[in-house]
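Kindly produce the complete structure, drawing on both the sequences and the hints.
Number of protein chains: 2
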Amino acid sequence: MKFGIVSPEGEISQTIRYGTEEWVKNGGFVKNLIKEVGVFLDTHPEIKGVGLGFPGLLSADRKEVVMLANIPSVNNVPIVQHLKSEYPKIVFKIENDAKCATLGEYYFGENRGMDNYMLITLGTGVGSGAMINKRLFIGAKGNGMEIGHMLMDDGKTLEDYIKLSNICKYAQKLIDEKKFTTTIKRDEEITPKVLHDAACAGDQLAIEVFNYVGHYLGMNVVSVMRVIDLDKILLGGGISGAFEFIVPSMRAYIEKSLPPYYTDELVIKKASLSNDAGLLGAAGLIMEDYHVLGDVLD
Amino acid sequence: MKFGIVSPEGEISQTIRYGTEEWVKNGGFVKNLIKEVGVFLDTHPEIKGVGLGFPGLLSADRKEVVMLANIPSVNNVPIVQHLKSEYPKIVFKIENDAKCATLGEYYFGENRGMDNYMLITLGTGVGSGAMINKRLFIGAKGNGMEIGHMLMDDGKTLEDYIKLSNICKYAQKLIDEKKFTTTIKRDEEITPKVLHDAACAGDQLAIEVFNYVGHYLGMNVVSVMRVIDLDKILLGGGISGAFEFIVPSMRAYIEKSLPPYYTDELVIKKASLSNDAGLLGAAGLIMEDYHVLGDVLD
Numbered sequence: 002m003k004f005g006i007v008s009p010e011g012e013i014s015q016t017i018r019y020g021t022e023e024w025v026k027n028g029g030f031v032k033n034l035i036k037e038v039g040v041f042l043d044t045h046p047e048i049k050g051v052g053l054g055f056p057g058l059l060s061a062d063r064k065e066v067v068m069l070a071n072i073p074s075v076n077n078v079p080i081v082q083h084l085k086s087e088y089p090k091i092v093f094k095i096e097n098d099a100k101c102a103t104l105g106e107y108y109f110g111e112n113r114g115m116d117n118y119m120l121i122t123l124g125t126g127v128g129s130g131a132m133i134n135k136r137l138f139i140g141a142k143g144n145g146m147e148i149g150h151m152l153m154d155d156g157k158t159l160e161d162y163i164k165l166s167n168i169c170k171y172a173q174k175l176i177d178e179k180k181f182t183t184t185i186k187r188d189e190e191i192t193p194k195v196l197h198d199a200a201c202a203g204d205q206l207a208i209e210v211f212n213y214v215g216h217y218l219g220m221n222v223v224s225v226m227r228v229i230d231l232d233k234i235l236l237g238g239g240i241s242g243a244f245e246f247i248v249p250s251m252r253a254y255i256e257k258s259l260p261p262y263y264t265d266e267l268v269i270k271k272a273s274l275s276n277d278a279g280l281l282g283a284a285g286l287i288m289e290d291y292h293v294l295g296d297v298l299d
Numbered sequence: 002m003k004f005g006i007v008s009p010e011g012e013i014s015q016t017i018r019y020g021t022e023e024w025v026k027n028g029g030f031v032k033n034l035i036k037e038v039g040v041f042l043d044t045h046p047e048i049k050g051v052g053l054g055f056p057g058l059l060s061a062d063r064k065e066v067v068m069l070a071n072i073p074s075v076n077n078v079p080i081v082q083h084l085k086s087e088y089p090k091i092v093f094k095i096e097n098d099a100k101c102a103t104l105g106e107y108y109f110g111e112n113r114g115m116d117n118y119m120l121i122t123l124g125t126g127v128g129s130g131a132m133i134n135k136r137l138f139i140g141a142k143g144n145g146m147e148i149g150h151m152l153m154d155d156g157k158t159l160e161d162y163i164k165l166s167n168i169c170k171y172a173q174k175l176i177d178e179k180k181f182t183t184t185i186k187r188d189e190e191i192t193p194k195v196l197h198d199a200a201c202a203g204d205q206l207a208i209e210v211f212n213y214v215g216h217y218l219g220m221n222v223v224s225v226m227r228v229i230d231l232d233k234i235l236l237g238g239g240i241s242g243a244f245e246f247i248v249p250s251m252r253a254y255i256e257k258s259l260p261p262y263y264t265d266e267l268v269i270k271k272a273s274l275s276n277d278a279g280l281l282g283a284a285g286l287i288m289e290d291y292h293v294l295g296d297v298l299d
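Residue numbers (my numbering), protein chains in the order written: chain A, 2 to 299; chain B, 2 to 299.
Please keep in mind that the hints were generated in silico from the structure rather than gathered at the bench. It is possible that some hints are incorrect.
The list cannot tell twin chains apart, which means a pair is met if one copy fits it or any two copies do.
[Said to hold, decoys possible] Below are the EDC-like pairs computed for lysine to aspartate or glutamate, each with C-alpha atoms no more than 16 angstroms apart in a straight line:
hint: 1; residue 1: Lys257; residue 2: Asp154
hint: 2; residue 1: Lys157; residue 2: Glu256
hint: 3; residue 1: Lys3; residue 2: Asp98
Note that the structure is a prediction, hence the values are computed from the model and not measured.
In structure tokens:
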């Protein structure tokens with residue numbers, strides 16, 4: 002977990018990290034969270050609001066986390082209410098972490114203020130979020146854009162193909178099959194960096210691995226575009242370091258699968274914030290013009 | 002094309018049908034459309050607004066049709082502006098026909114006023130629309146929810162499996178393979194009614210055909226649910242007559258593929274309006290509380 006203070010201009014200061022397990026063991030996650038937020042608020046009276054990003058599913062009213070695989074003790078705890086009762090003058094907001102990263106790009110990225118786009122983060126999982134008409138799209142019950150779990154064929158999800166561990170497995174399979182020439186050794190630990198460096202040096206196997214990532218990403222994005230009709234795509238996360246090797250097959254798949262209406266103004270860009278996207282986006286939750294698509298009705 | 006007058010209570014009167022080709026040939030589609038709308042307005046001064054549904058893609062601002070495969074002469078014609086300049090006191094709105102059918106259920110169906118749901122129409126094509134937070138969801142550029150064209154596996158769409166003609170092809174294939182017992186004869190014309198009647202009489206082949214439809218529908222809905230996080234599904238269109246034979250495999254596929262968060266309150270119901278959904282929904286465009294999700298910003 003990473004904490005920090007974000008200025009309205011997106012400058013980050015006072016960052017500090019904690020281990021989740023440590024908190025869970027010593028007094029419980031929620032108690033430690035409230036304590037740590039309190040330390041920040043007491044020592045920095047200039048803080049106007051606190052945004053928190055969680056890697057799980059949230060309630061539609063954004064008052065609590067409903068499914069956080071790694072820290073089940075947080076599930077269904079009215080976390081916003083707990084924080085608010087301790088610090089009534091402070092605004093507290095929670096959001097899913099991939100949606101925070103999407104917001105980070107909106108408020109503090111190179112493409113800030115872009116009306117419509119989706120962010121896809123390629124890492125240990127495949128996360129995603131979308132801004133539609135300048136608002137965060139969360140779907141009807143609040144946890145839309147979980148594209149990593151969309152089905153690519155009978156029972157197999159996008160993550161089954163292109164989350165980090167499965168990309169590495171695919172690379173290992175290619176090495177074992179010896180169909181592609183490569184400088185990567187059989188017992189070498191495969192990382193995105195190893196693959197990217199090899200691809201940059203013209204390694205056929207590494208290039209094929211990124212083609213494979215782009216192929217499944219393209220296949221997925223075609224279906225997402227059919228549902229939310231959006232043609233600006235930002236790629237983030239560790240694996241997107243190999244952006245230039247992933248995009249050609251991704252773009253080719255999208256262009257062959259969709260009519261010109263969808264592809265004429267297709268943009269696939271690298272996300273601009275890298276590791277700080279989530280932290281910045283959590284701060285974005287506090288921005289005055291921040292709204293979830295649909296919540297203006299409430 | 003079907004025209005009619007719809008009362009605020011959803012009573013339809015004065016319906017009349019025209020052939021599209023006839024209009025295209027005799028003076029052009031748009032000219033005839035404006036003329037016909039004029040006949041209605043001149044003879045029925047009580048009409049407050051006119052809603053029009055088109056089976057194609059529309060501009061995000063809902064001023065014109067951008068891709069209507071059957072009548073390309075309508076594409077990019079400022080149709081709302083043309084109508085408005087002839088009848089300045091009347092409200093004119095246009096929408097995609099599947100989205101109209103979705104609205105029809107919202108204003109005039111058995112489940113009227115339901116906050117969140119999607120309608121899937123199973124017919125010559127697979128159409129769809131969704132209400133999210135009581136608003137029509139159209140996506141970022143205005144033509145979302147085209148689920149019939151989502152990819153089920155590499156290059157193959159939902160329609161490739163379960164649009165009417167492909168269901169009939171699948172049935173024919175099963176008949177030729179002779180794997181399932183059936184009372185349907187080899188040279189018999191296969192229609193949804195023939196299949197449904199056979200299934201009702203316990204025909205194994207017909208039952209397998211609807212299992213197949215439910216299987217692919219379930220597979221598709223899993224991905225749609227991951228994007229828009231919505232768990233109320235209405236099935237309409239001619240093939241949904243066999244609702245009770247389609248739903249078990251559809252529901253089973255969804256339940257095996259998603260965690261309880263998504264399926265605990267899953268509802269799959271038959272749409273209530275059948276053939277009039279589109280006409281009623283076009284009238285729904287004129288209702289005072291009608292809004293597209295996101296357009297409150299404008």
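Right, here's what the structure says about each hint:
{"no.": "1", "hint": "Lys257 / Asp154", "verdict": "between (19 angstroms within a copy, 14 angstroms between copies)"}
{"no.": "2", "hint": "Lys157 / Glu256", "verdict": "between (23 angstroms within a copy, 15 angstroms between copies)"}
{"no.": "3", "hint": "Lys3 / Asp98", "verdict": "within (12 angstroms within a copy, 48 angstroms between copies)"}
Checked against the numbered hints listed earlier, the structure breaks none of them; every hint is satisfied.
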